[in-house]
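*Asks:* Heads up: the protein sequence lines correspond to chains Y and V, in order.
Going letter by letter, the first sequence gives residues 44 to 519 in the working numbering.
Going letter by letter, the second sequence gives residues -10 to 1171 in the working numbering.
One-sided excerpt, in silico: chain Y residues whose CB lies under 8 angstroms from chain V: (1) Arg110; (2) Asn147; (3) Gly450; (4) Val451.
Keep in mind that the hints were calculated from the coordinates and are not lab data.
The beta carbon of each residue, even a glycine, is placed where N, CA and C say it ideally should be.
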Amino acid sequence: MRLLAGGRIRDTYGLPVNVVTGGCWKTDRLLLARPDIFKFIHAADIHLDSPLKGLEQYDGAPVQEIRRAPRNGLVNLVDLAIQQSVNFVLIAGDLYDGDWKDFNTPLFFVLQASRLREAGIPLFLIAGNHDARNRMTRSMQLPDNVVFFSANAPQSVQLSHLDVAIHGQSFATAAVAEDLSAGYPIAVKGCFNIGMLHTSADGRAGHDTYAPCSVEGLKLKGYDYWALGHIHQREILARDPFISFSGNIQGRHIRETGPKGCWLVTVADDHTVAAQFQALDVMRWEIAAVDVSSVNDGDRLLELVHQELQRLHSQSNGLPLAVRVEFHGQTRLHRELEAHRDHYINQVRGVAIDAGRGELWIEKVKFLTIDSSFQQAFRPVDESAMGELTELFAQLRREPDRLLDIGVDLDSLLKKLPSELRAGIDAGNDQHAWLTAVLHQAESLLLNRMHNPTAAAPIPSSKRLVPPRGSKKSSP
Amino acid sequence: MRFLELNLIAFGPFTERRIDLAAGRQGLHLIYGPNEAGKSSSLRAITDFLYGFPTRTSDDFQHPYSNLRIGGRLRHRDGTELNVIRRKANLKSLRCHNDQDHVEDQQLASLLGDVDREFFTTMFAIDHQRLRSGGQEIAAGKGRLGEMLFAAGAGLVDLQNLQQGLQADIDGLLKSSGRSGVVHAGIQEYLVARKTVSDRQVTVETWNRFDGELQAALKRRTSLEEHIGNSCRELDRLTRIHNAVPVIDRWRIRSSAWELLQDAPKLDPDFAEQINPLLISLRTAQTQQSAAEAALRSVEEQLALLAIPIDLLQRSEAIEALRDRIGPYRKSLLDRPGVAAKRELFEQESKEILRDLDRPTELSEIEHFRLSPDKSLRIHELGNRQERLFERLQAERKRCEKIRVEITQAETSQQSFRVSAEFASFRATLRVVQEQGNLESDLANAILELERMQQKSTLAIQQLPLWSGDVRRLESIAVPFPASVDRIDEQRKIAQHSTQTLRQRLFETGEQRESLQQQLSDLESGQAVPTQDDLVHWRQVREVGWLLVLSEWQSRTCDSTLREDFAKQFTPPLDLTTAYQHAVAQSDRIADDLRNDAERVAFKVKLQSDYERAVRLQTKLQQQLAIAETESRAVEADWLALWKPLGITPLSPAEMQDWLRKHESIVQTAAQISDKEQRIERLKLQIADCSQRLISALQQLTPSTNLMGKSLQEMLRLLSDQCEDLQAAVNRQEQLIERLNSNRQELMEVENQYQETNAEWAQLRADWSAEMKHLGLEKNALPAQANLRLSSINELWEKNREMERFRTRLEHIDRDARLFESEVQQLLEQVAPELVGQPTEQAFQILLSKLQSTRLLCQKQESLIDRQSELFQQKQLATEHIEGTTAILEVRMQQANVTALEQLTSAAQRSLDRRSAEANLMELEGQIASFCAGSKLADFLAEVETELQLGESLSHRIEQCSAAIDRLRDQRDLVLGEISRFESEMQKFDGISLASEQNAVCESIAARLDEQFQSLAVLKVASAVLATGIEQHRQKNQGPILNRASQIFQEITLGQFSDLHAEFNLQGEPILAGVRRVDGGGRPAKVLVDGLSDGTCDQLYLALRLASLESWLKVHEPIPFIVDDVLLNFDDGRAVATLKVLAEFSQQTQIIFFTHHQHVVDLAQANLSSQDLFVTLLGSLD
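Chain V extracted, bound-state conformation (with noise of 0.2 angstroms):
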């Protein structure tokens, strides 16, 4: 593959900037350009152009991603041509070179035989910077042949950097002592983890020993605790015998005493509390009943002496109630003469009123004025109402008034109006007109349009080449179809392309056969290559002798013909036996010679091979063309008779092409001529039919206008005015008559509405002079008088009230008095006699206190006698209470058996000695009980007696068992422990998941170690493959790529150097070393690569890179070589030395050489031929 053209379309600083690398058969590019040029862009562009943009790139400052382009023409080495865009896209950046249509990616890729972006960057692209780092990483590498040949071989520059960090990956997972790095970690941290989890895991035979440990544990406690039962019993019942013996010789003695008082009467126990206050009651109710009977005497004496009047008591309430009314009585003699006064002066203001209402001064005319008040009331509404109706008539008699004069105006203008009655036919008339719009300007527009068309269509016709004839003829001719023409075109392609690629590679194969005739005439120029047939041919004669010499020696006879057949393969002719020597040797040397120039042989017959395929190719290559070049001609006899029923001699297909839509161009506008003519006249009759009807309808509108030589349009404006006028004149006419006739439904509603108030007013005045006259007024009285009227009748009858009430309390007053003076001398006369006759009140005075001092007297004699009663009561009481004493008496002497009451008190303390006695012996027995824990008494100290007849003593026993207690509970102290122990051992085992847990984190760590050891393998596997790569491709390739960089390395150093070769260093591995002439004809010395200059180092590699790449252009399609600036620190002589490399080079491939360096640029064009170099300047063109 290689560039013919470079587009930078939109890119960095470039616009629409072509570069030309079509020149020469593959060439040797010089592009210059100084700073800021744009050189490092159109680097860029390169890759960037044959394998896309980058996401980002910054490449845009110019043009915005989405404009971003680059344009291409590529050839392959087939001949195929690729002229295609590539934009900035993240799918289908790739496109054809009208920017338009997709174009797979695979196409670009097969061109460049499927090499990379990363392979296309390292191996075929070099800078000054990487030229450096390889000629370093030579100097660094101690000249190790391997390393250098596989790092020229794959464009590499620091190889040693990545076997290092290969090694120090593999060392930071795992050293190989296999004792560090983070594998190593990993392990250990994996065995720690499993170890913690087989800790935490309860075995079976764990909680088996701890289950069984606890159940012993637990019967042991089960035993101690019977045994330290029994001992406590025992503990139990001597320690009571023990307590029990002194409490059982004091019940002893106390039953002896006992005994003694057995025969006391049982008495209650508080039988001397009973009997004391009886007797000292019986005393007491005797002095009482004494005392009693001489008070009784004396108020008997007292009750006789007393003397009450009791007609006077019997009138006491009488009394009581008239002194209640004395006050009363007193008071409204008192009030009466104030009381009077006021009657007398409301009497007098109530005649002045009669006066004022022109009556006599009679109390009895106040009669004439008694009003209900209603009819106040009414006589109130009915002159409010009088006023508003009055209001009310005035008004609506007004505006009956105004309709009326508003009806006659309106009946005045209409019948002023008169309109047309063939208003509608005009209007319609009107709407037609308009509705075929602007006729008169669509009509000369038509015509220009006409006229244009027709000019267009004549100089079509006129320009359109290999024909004349006029537009009808055109028209009716049967043109060929396009895709005919395409066919053929595509035909014609195919063809001329598979001519000229066969032609191409029949040259191609030509030079390639005069070069093999070449190399094997040279391969035989120096010595004879021997070939398998050869020995082939020698064997057979070898075997002929010898079937010649063993007849011979066998039957001592031969074939003398056979002989001689044998000896003339010989020249000179020899003898049988020497001719068989000479055979044997032949072959044998024929053989040593294949064996010992196996390499030249096997060449030799790879180019006897390649030289035959090559004439074979040759041949079939010369039929292919003249079978191609056949079918061009009859595609060529095709396209001719296309065109021959047109009488025309037709061009290329493109150019026919053009022709027929020229041609279909030229048919369509004499369609549309034909269209527009057609038009222009159905206007004109659309016109003539128009003003016809307007001139009707404006003569019957205004028949004086003239209508001579009017437009259309200006006679459709004359109509629309008068329709607008007329229009207008309708519209008022029908107003006036809507308002007509709502005035007249007014008139007739307000008149209405009148008669009606009118009718309500005269019943109203009616009403008015009816009560008017009541009052005494006029009936023409007006409101007001009749309110004052009211007012003063109303003030008569209150004076009037007023005098009523101050005579009715007058009358009351003196009806009082006569009554209680009656009352009291009735009373008087009564009672009292001797008052009868004095004044009333006085004598009622007296009578009072008579009253006060009899009550007094009953007061004292009433006393007396609840005291008598109360006496006697007492007397009866002290008689009652000495009988009941004496009788309870008696039962208790009885009780006591004593005959008198004063032996009672001595009875009594026996018995309650005797009970004392008895509940002595009942406590002691009940202390006794308490011991006997359940069992009887009797046995109980039947028991004690047994135990005090045993010689050991009870306190001594009590020690002995007391002790043994306590050692049972400190073995039972001890299994409890145990048993607390085991269960706390046991309760961890509760079923908690943290053995399980652990595990999840051992796995955890074991998935990590997976993959930290994959990534160990694969280190590994990189690392050792790597090695074994270099190692390989040493002993592939030293031989040719070492002589032929040998070569190059020759020429860049002016021969300074004149070959390369393997050495071996001193741990065997071999290096590289270099033969440096010597001047003055000295012997060449050797040189190894620490001993090279760093300018030399760098040529080195660059010999090496040449080679190796030589190498691989052999078995690929080339792909071009971009250099950049790389002969920086070459001397000139050296420099020019390189270029001349570079230039063939070129022959095997396009080298594009970029450089900012003027005299790189002079040096090229001073030494190298035209037919290789070839300059392209940037930017300063620009």
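Next comes chain Y alone, as it looks inside the complex (with noise of 0.2 angstroms):
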């Protein structure tokens, strides 16, 4: 059923459902008895058919998982619902990615929901600012256990036989910069009231700002339960009345680690909320933080990968993971492993493969280590040949602008990759970051080569090179 047309129309089970002024919408259900606990689920930021980001192919990466998680996640909240038998189904906007043009993606929804509709199961859906971008919102017909609300104006929906009044309101436009929450109407008498808000609240770092808004003002409206959408960490903000983001159902890259799923809501007569949390994800992403420290050789550095990714695999119930592994710590490998990435890289990889047994992913590897030696054999005063490499890159690091002096002109070499490839480098702070890595390895790279001419490392193939790439910048 959907809330743009007015007058009397017929819900899921044949029911009258009336439109009442202020847009508030009601069920004549009087002849269901009130049931004494209710349930329902709170999902958010589905981002249907959005890829899961950085994980490049390799020998022995388990591929086929991830062609459909974006998919199965949602496949997964449905089961959910449908196993539970919830009374109803909440999704806080985002359910689509906001570039995606494919119109298989809603047509898939509709499949989802239909299920939903064979089990009685009502869906309520605001828009967020991805389903505000994306066409492909407006254009799909819905199943009418569906309830759409609108973006004109904050609506809501009464359902009498469970003494719910659920209240919400979509996003018009991609950017929204009012609060509102504000324009809520105030708690219906005798219903547990429950928003539905697409927000990033009081900011929330790697989010856009969109319909901001406080708790203290959330919890003026006197709801029993605030359904918050957008930000992709699941993260409760008050107990009395519930507010939380359930987060998104399935991680999609390595900023997003950790099980990903939804509330599962149970309501007790009294209006006593318990909120448990479900995964719904089909592949997490974990980092493994390798401390090499006190590792002198590559075998034990390898012993250490196997040992962190097994404890990762044991823990993820089954599920296949996307891992970053990252080695930390001062030590006198580091630059051993500069100099030979790609060879750590691949030897990772063939772990991680022994390991996960095949259901394991390495996303990236990061050198994150210190070197333990060396730095101080070249102080800038030093005019030897050596000391003036570590000058160079020294004075690199402090003016990156010196580049160009030298003779590396890294913008025109960017505008050799399409463009929406270059926004992953170019994208503010991480360019810097990205600049600084660069140097780190460059140096490595040259010392190491000078010291060991037979060691130089092969030009990498294009199968087997290096790890994907994961300091883009994606607002959820």
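Using the supplied hints, reconstruct the complex from the two chains, each of which is provided in its own coordinate frame.
*Replies:* This is the structure we're talking about:
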């Protein structure tokens, strides 16, 4: 059922639904007794068909598992709703990904919504910033168990048989700067009131600021539950009333680690809320931090990696993992690692196949070690040949613009990349970090090749090269 | 840093091989070893010692990994020394020289000035191979100066390969044209994948377009199908009318025929079939009636002729009962004689047995021997029990007698045992003494030990230096605490170390000051170097002069005093104008000089500044030294004061520590001696007490034994033996008593049992004699006799029973025969008196045949009576049938409205004709109705009439309609095709994830590209930094290093090359050129690098290396320079020159020169001073 048309319509159960003033809807289910306890699911940020980022293919990586990951999270959500026989499902915005144009995506959503329809479960949706940007949101005819809140004004739906009132408003445009919650109606008396809102709350790192609001402001409405969306990290802002972000249902890149899913909310007769997290993801992101301070050789290093990967794999409940391996610590192995990155990356991938029994994908290997030797030998005052190089690298780190003086024009080089790939390297502060990493790596590579002329790294083949990019900044 | 000593404790072929490297200020240490002497191992040992063993090493062929050790003693420039051992371990591989305590790696690292392994091996180690490579690199590099200087400065040998390798890697990723390489391929792949994603995406517009067209096609289909329906209905109507016209014509003809038959009677359709059988049946019944009457009369006549004897028939059952019994009657008459004979035989045999039993042969005697089965069983049982009881009685009596004999024997033995009552007290004594142990042996040992300790103590006191006196005094004195000694020792060491360090630094500072002074005077010796102060001075003079000139020019007045002062500054004094000109010229000249000679000016300023700093440092160091020496003296005084109370003048703290340890040891020994003496006294007392106890016990046991002179152990053994004997006797006595008691108990039990058995035996005998009397035997008869008698009696009774059986059977035969005969006679009297008196069997046969014939007559009579009744019934039936049929036919005649039976058939035919005409009409109307399609017949007929009146023929209209339908159907099929196409297009958009999966592929390519791009950036940066570094290094170092390298090259080439300087090649790159001296005083020739021989290239590389190294050493802690046989390609002259250069170089840092070649050693020894050269032989001396 859609909220676009006025007048009398019939809902999923063939029972009449009325429009009342102020955009409030009410169902006439007088014959149905109100249950003592009811259950619903609060999810958000599905970003349907948004791909997992930064996973470069290599032999032995669990390729098939990730191909369908963007959709299987939603399938799991519907399965859970049916299995738990919940009374309704809430999706607090960003059902679709902003730039994605394939009409198969909403068709797939309709298929899943239809499964809920067959199970007699209504689904309540608000549009988030991504949905507002995506034309498909407005074009798809949805099954009649789906209630899509209007973007014009806050609206309310009342489920009489449960004494539940759900209030919500969709995003009209991709960037909503005002506090939408301010316009929400005050709580309906005698009902369990739920507010659905796509918001950045009082601001979260890595997420654009949309529909900002404060916990105090939300509390003033007198609702019993606020189902928030937009922030991908699960977070409880308040417990009385329960105000929370459910987070997204499937991590999409290395900054979205750990289990992802939804809240399964049980409401007792006295409106007491018990929210239980339910994982829905089909592939999980983890960071394996390996301290190599006390490690002197590569074998031991790989042994530590193996142990850490095995530990992560054993905790993943059988889900495939995408793992970023990070080497930390002050070690004499630093230059060896930097200079033979490709070799160690391939070794780590091999170890991952063994430790993860083919269910573990090495997203990237980060070499964050610090050299425990050497840097003292060439002081800036040193005018020796090696000191000259060290000093040059130090200067470049201080003033990256000097790269142009020595004939390295990274900007023109960047222009050879397709624009969307360039964006990943260009983005603000990350470019500085990227440049610093390049300089460190170049220094190690150069010094290592000078001292071990036979150990020059082979030219990386297109198949075997290096971990995927992860520095791209993408707004959720 | 320099090596003082390298100790190959356990490494490669070496065990505890020390190489002394301490000689000289730094020294050129020539280490000579022939092949297999371990030169290469020693070389490796230096690196492994400084930086640790690699994970895998081949130097374990003699010593396992765990035992590998290299020791070394190093000295920093500041005098700090480090004496450590390196072992093979992952952690804590550096240890103190005792090989126990861990030493932090940082201690060694700080001595090395943080030079790491790679830098050390490239910069501070050179072998023949690297020298050759360096030379070749120079030759191949076409003399490019920057690369040469950089390679030499960094100790590199293949800089060009490195540069080319980087460029090759960059090209592999992305050619500068940007059209090939891995990154380019990746970008293309990404773009293709991106395109595939967008191809696979279904846009909202596409969806809407297909959906709109599908909806329109569906509408068209609905409209066409409506048209088709209407046309079909019209076609159907016309076709029906067309088909109905002939049927309607036929219907009209039949209608007029029916009107002629409509007055005929309406009989049942099967009326004719109903009356025809009735007429036939009436005629048949009349014939049957007359035939039955004739047959009835014939049967009645036959019955009247039959006569039957009734009384015989009435007795027929009795006669047949007797006929059944006549067979047994005949058989029993035949068996009777045999049965009588058998009875007679058994009677005779019974009488025989009675005779054997000594009884009269009368059959009545048998009764005497009637025995019940219980009785005979009892006699058998009594016989068996009698035998068993008798055997048991005998056995029990024998057992009683045997036990009695055993008891008597035991009682006799018991009386012979007697045991001493004091046995327990002897045993207690024995235990007490045994518990003390071997006291005599302990005593002897203790005495021996005491003597030994006393001797040791005396000796230790005599050996303790600085001391005379006995133990007691030594024990009583108060010695200083070892901690105090340590403290003073530490203080002394610190004081000594600081004094020594200060002296060393003072010395070095003095030298430095002198050197600076010398350099200053050298600098000034040619041409005075102007200074900034000179410039300032002359500018001031110029300023004063200008003021004077100005004042004179403006006011024409001038202070003559000032003027004179001004003039005086020039020699000879000049007038104001000239002096001012002079001052201006002088200040300008100094300024010019300062500018033109800036390098020398700066150098002079630096020298002066260094010199002043050296003077200040020297003064400061002298003050510090004085303080340190005062402190050192104070510590010495403390040390003496510490030992004064003991009256001892102490030696060094280490020695006094040893003294204190010895003192402690003596005091401890004295205490042990005292303990030992007390123990000996206690042992003696214990021995006396024990002997007293043993003597007293032994005298009681064996008073006659002589105990004089017996040792404690011997007496102990005697007492122990006695006690063991006594114990054995006691044990035996206890066993005897136990056995006696058990025998008595057993005897009592056996006697009781015997009495019980005896009583049972008497009872049995009494029962037995009673039974024997009954059998007629004596009371003492044996069981066997009794059994024999029993079997005879059984046989007698058996015979008697057989005889009785045969006698009873005879009686039964006679009785049955009599009964049969009387019954036959009685029957004969009743039915055949004529046969009475004839033999029974014969008369009975005649009677039976009579009965048979009478029965046959009876059967005939019965069959005639049955026939009579049957015929009567037939006659009755025929009569009834005739009456019934006539009644029915009368009713039918009324229905057909006729008066005679003969008219019935024609009436039935007319009725059938009427029915047929009516049915025909009905059928035609039905056919017409099938064309009506629901409308009434009359309406339909009217509709047909109307259609027929229209001008156009029906067939033509039907054809037109049919063609229209076909056209509509074609149109509809086209629309259906479109719908199907649109639907199949729409089905492709079923929510499948092709595009999103392709998007994942895109992302993974992007991930790969990102990393490849980073690698590209890294390589580009590395390559550019290297090129820039090379150029900058050249710019900064070209002057000083080239100058120094020139000098070294000149020396090594024995002056053949007088100079090295920079030129430019055609590309404008700076290149190196040498200046070769031409023999015979010709003009020196410029030679480019490609004109140099291989050997000269090597020497050029060495010169550049040494010059770079010198430059490095100026600002760093010196690091030993390890040289491995670099003189192989040098002729003797150049080899000697090189050795001299190295010897000179060894003033700056230690040089360790390894060689396999004796002549190198010889050359060195012949040409170098012994203050610089130190030769160590490896291998041959081992």
